[in-house]
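Using the hints, position chain B against chain A.
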Amino acid sequence: MKSWRTVVLPPLLAIVFALVLSSIALLISGADPLRAFGTMGAQLFKGTTAVDTVNLATVYYIAGLAVAIGFQMNLFNIGVEGQYRFAAVVAAIVGGALRLPPVLHMLVILLVAVFAGAFYALLPAILKVTRGVSEVITTIMLNSIVFGIVAFLINPDQFGVLHGNNVATEEIDSSGWIPGIPLGGAGTLFGAVLLALLLGVGYWFMLNRTRFGFELKASGESPTAAAAGGVSAKKMTMTAMLLSGAVAGLIAMPELLGRDHEYAMTATQGYGFIGIAVALLGRNHPAGIALGALLWAFLDKSAVSLEQIQVPREIATIIQGTIVLSVVVAYEIVKRADLAAEQRRVGRAGRNGSPASVSEGGAV
Amino acid sequence: MTDPEPVVELSGITKRFPGVVANSDVHLSVRAGEVHAVCGENGAGKSTLMKILYGMQQPDEGTISINGEPVKLRNPQDAIKAGIGMVHQHFMLADNLTVKENVLLGAEALHGIGKKARSVLEGFAEQTGLHADLDLLVERLGVADRQRVEIVKVLYRGARIVILDEPTAVLVPQEVDALFETVREMQRQGFTFIFISHKLDEVRAIADSVTVIRRGTTVGTVDPKTVSSRELAEMMVGSALPSPETRESTVTERDILRVAGLRLDAEGTERALLKNISLTVHAGEVLGIAGVEGNGQTELVEAIMGMRKATSGSVELVDADGTVHDLTKLGTLARRETGIGYIAEDRTRHGLLLNQPLWSNRILGYQTRQPVSSGRLINRQAAREDTERIVEQYDVRTPSVDVPSGALSGGNQQKLIVGRELSGNPLLLIASHPTRGVDVGAQALIWEQIRTARREGLAVLLVSADLDELIGLSDTIRVMLRGELVSEADPATVTPTELGSAMTGAATEEDV
Numbered sequence: 001m002k003s004w005r006t007v008v009l010p011p012l013l014a015i016v017f018a019l020v021l022s023s024i025a026l027l028i029s030g031a032d033p034l035r036a037f038g039t040m041g042a043q044l045f046k047g048t049t050a051v052d053t054v055n056l057a058t059v060y061y062i063a064g065l066a067v068a069i070g071f072q073m074n075l076f077n078i079g080v081e082g083q084y085r086f087a088a089v090v091a092a093i094v095g096g097a098l099r100l101p102p103v104l105h106m107l108v109i110l111l112v113a114v115f116a117g118a119f120y121a122l123l124p125a126i127l128k129v130t131r132g133v134s135e136v137i138t139t140i141m142l143n144s145i146v147f148g149i150v151a152f153l154i155n156p157d158q159f160g161v162l163h164g165n166n167v168a169t170e171e172i173d174s175s176g177w178i179p180g181i182p183l184g185g186a187g188t189l190f191g192a193v194l195l196a197l198l199l200g201v202g203y204w205f206m207l208n209r210t211r212f213g214f215e216l217k218a219s220g221e222s223p224t225a226a227a228a229g230g231v232s233a234k235k236m237t238m239t240a241m242l243l244s245g246a247v248a249g250l251i252a253m254p255e256l257l258g259r260d261h262e263y264a265m266t267a268t269q270g271y272g273f274i275g276i277a278v279a280l281l282g283r284n285h286p287a288g289i290a291l292g293a294l295l296w297a298f299l300d301k302s303a304v305s306l307e308q309i310q311v312p313r314e315i316a317t318i319i320q321g322t323i324v325l326s327v328v329v330a331y332e333i334v335k336r337a338d339l340a341a342e343q344r345r346v347g348r349a350g351r352n353g354s355p356a357s358v359s360e361g362g363a364v
Numbered sequence: 001m002t003d004p005e006p007v008v009e010l011s012g013i014t015k016r017f018p019g020v021v022a023n024s025d026v027h028l029s030v031r032a033g034e035v036h037a038v039c040g041e042n043g044a045g046k047s048t049l050m051k052i053l054y055g056m057q058q059p060d061e062g063t064i065s066i067n068g069e070p071v072k073l074r075n076p077q078d079a080i081k082a083g084i085g086m087v088h089q090h091f092m093l094a095d096n097l098t099v100k101e102n103v104l105l106g107a108e109a110l111h112g113i114g115k116k117a118r119s120v121l122e123g124f125a126e127q128t129g130l131h132a133d134l135d136l137l138v139e140r141l142g143v144a145d146r147q148r149v150e151i152v153k154v155l156y157r158g159a160r161i162v163i164l165d166e167p168t169a170v171l172v173p174q175e176v177d178a179l180f181e182t183v184r185e186m187q188r189q190g191f192t193f194i195f196i197s198h199k200l201d202e203v204r205a206i207a208d209s210v211t212v213i214r215r216g217t218t219v220g221t222v223d224p225k226t227v228s229s230r231e232l233a234e235m236m237v238g239s240a241l242p243s244p245e246t247r248e249s250t251v252t253e254r255d256i257l258r259v260a261g262l263r264l265d266a267e268g269t270e271r272a273l274l275k276n277i278s279l280t281v282h283a284g285e286v287l288g289i290a291g292v293e294g295n296g297q298t299e300l301v302e303a304i305m306g307m308r309k310a311t312s313g314s315v316e317l318v319d320a321d322g323t324v325h326d327l328t329k330l331g332t333l334a335r336r337e338t339g340i341g342y343i344a345e346d347r348t349r350h351g352l353l354l355n356q357p358l359w360s361n362r363i364l365g366y367q368t369r370q371p372v373s374s375g376r377l378i379n380r381q382a383a384r385e386d387t388e389r390i391v392e393q394y395d396v397r398t399p400s401v402d403v404p405s406g407a408l409s410g411g412n413q414q415k416l417i418v419g420r421e422l423s424g425n426p427l428l429l430i431a432s433h434p435t436r437g438v439d440v441g442a443q444a445l446i447w448e449q450i451r452t453a454r455r456e457g458l459a460v461l462l463v464s465a466d467l468d469e470l471i472g473l474s475d476t477i478r479v480m481l482r483g484e485l486v487s488e489a490d491p492a493t494v495t496p497t498e499l500g501s502a503m504t505g506a507a508t509e510e511d512v
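Residue numbers (our numbering), protein chains in the order written: chain A, 1 to 364; chain B, 1 to 512.
Just so you know, the hints here were simulated from the structure itself, not pulled from any lab data.
Keep in mind it's a predicted model, so treat the numbers as computed, not measured.
Don't be surprised by glycine CBs; every beta carbon is placed ideally from N, CA and C.
There are no misleading hints in this set.
Think about it this way: if two alpha-carbon atoms lie no more than 27 Å apart in a straight line, the pair counts; the simulated DSSO-like pairs of lysine-lysine are:
(1) B:K309 to A:K235
(2) B:K329 to A:K235
(3) B:K309 to B:K329
(4) B:K309 to A:K234
Which residues of chain B face chain A? A few of them, derived with a C-beta cut under 10 Å, are:
(5) R336
(6) E337
(7) R347
(8) R349
(9) G375
(10) R380
Just the calculated beta-carbon pair ranges, DEER-fashion:
(11) A:I140 to B:G261: 45 to 51 Å
(12) A:T6 to B:S11: 33 to 39 Å
(13) B:D265 to A:K235: 19 to 25 Å
(14) A:T266 to B:E108: 52 to 58 Å
Isolated chain A (complex conformation) (with noise of 0.2 Å):
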């Protein structure tokens, strides 16, 4: 039975825990904390923090999707991170390269992202399903390949072009982008935020509501009673791996098809990183992961504003690292809080205060 304590409370804690470290860190540094969080907080109301926080949290949301799907399966895809900037690459030369009607254009880059994030997943899922290699080390290499493939794919010798000192893919041409949202003053929405909700829809139903996510779940928990129950936990891998590729396939997309419209050698990077600490701050939970993506991404953005009191916007960066860490650590307490308090429960049970029995449901 879940309780609302072991579902809101360990994240809250973590935030808390988070907020008293960081305070100290403050205080250390001779500032003052409450105004520090102030400023941060004020930050969201001015110009265009909002939207770009919810722009920033678009991409953590998708990168936290394909980590989550991994871990559903208790596989660690680490190599999100290559998956999406491989995608990212391979999608922008493919859209720079074409010609098409809009939306078909979009569509078409889309697809090939999918594809490309999949593709570079291949390789991990058929060395854990043939002999079991773990993904966490194939991935992490291949996360470093990728920086050669990209240097390589983006060369003006091959695909790039150089714009001054950048070089970066060919544009797309604007039949193949996201029309963003206008919001006027505050900013514009990409359009891909419809993408991730739609992906994050797609989450929700895949798990709770599909043979095909119930045995992902059961082999997640338990390759054995999944096996017994007619769950192949090597198509699980091959399956779950090769998604959460897809889905990575997607990450840069928001960013590629509704403002850059090139993927340069200056593109951001570590966003599959960020999707694993969102991730885990959601508890793999589609709705949870969008709350852990829109604190992360307003972390990230409100952090500038602390530069003008003076304050390293490392901060920042210091209350993510300790809510990822405690948000662990909550979870554990609360877990076992809610088990001792079972304990006494099932302890209480029975007549009189005495311990059910065996025959009563009680015992071993």
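Positioned in the frame of chain A, the structure of chain B alone reads:
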């Protein structure tokens, strides 16, 4: 209890787990130099009690005294310091280390790792009858020698009180005799043994006194020489023994399961785990497979279920219309879909998702079938309703179907599984140790349900280590030895003793 100074005294021990009271108000008093058996059914709470005595778990209530001194055992190190050693049922040895290394590992501080350690070790090896070369890798040793290594391990750490947790479960009869020799010899040297078992004949053969545990609490301590096995058994189950007897025969001529020439090799080798298995189960028949555990029963069941790929041979299932389904090449799910229900021998590993609610467990194995699934989509509502039906019909004691299955007691978990595997009217039920570790009430209910289904034409393949259950439920018994079906017995006439000797190969004695 004439001796005023017990070496181990447990009083009022109570231990609760979520949803479970494993021990409640347990009293145990062991005198110096005796072999004290702790006896009880599977799941009665013996293991928990021993874990408490060995410091692996802390009691919620109660006190422990060693040599008259009250002690707090927070971890096994504390227990070792107090002179208690434990030989686990499942050996805790590193296969890729030698005998000496295994014993010394973690105890280097006692005698170092050099000559001195070796001579101490040799002394203990002599005492326990371990004749293997101390520099041999443990993986080369047989089961009996491994057990001796375990005993040497605890002696080396200074134990004077040795807990043997179901030591005979893995041994063949001759090895059991040898072990008992060793135990008696050591007893003369002043060691005290606590012997955990549910096998009454062994308890009577070795123990000086017996404490019976039932439903997590001590029933009493008796002298095994003054009580009969039957009296002991009734102490264990708490009432007159339930009878698994099947009254009238319902066997028909209609084949349901046909297995022919089944062979299964151990992975990557030519060593056969199963060879030349042929059997037929008819509608309305319970075919019992008897055998000492580890003689291929698990493999047979898993090969029929498709969880292991048979090397050769065929498996066929005939449905009510007489259509023959060749299962040989199918996967587990497809085999289940043709109408096989499967009660796995280890319910927590193979039968249940412990963190998932009961209704979700109802879906496992049925994720493609009505009513819980439409093939691709899961029907939660129907799954909940059908789980409620099972809870009702099979008397599963649970507050609701949203409880994670891990919170239920073993008996209730098993009732849920039996209910699940009998839903959708299967043609064949494969039941591995269906009542292992469940309480008497659940046992009677499970037997009754199997009997009812059999009367309606269900074919049952029953694997069990409980000879009374086998003889009582089966219409035909086949004996399995070293991966082969060696003989057949008629449950109407065979006695447990006869069956037991057939299982150990006494009839067909030969070298491996």
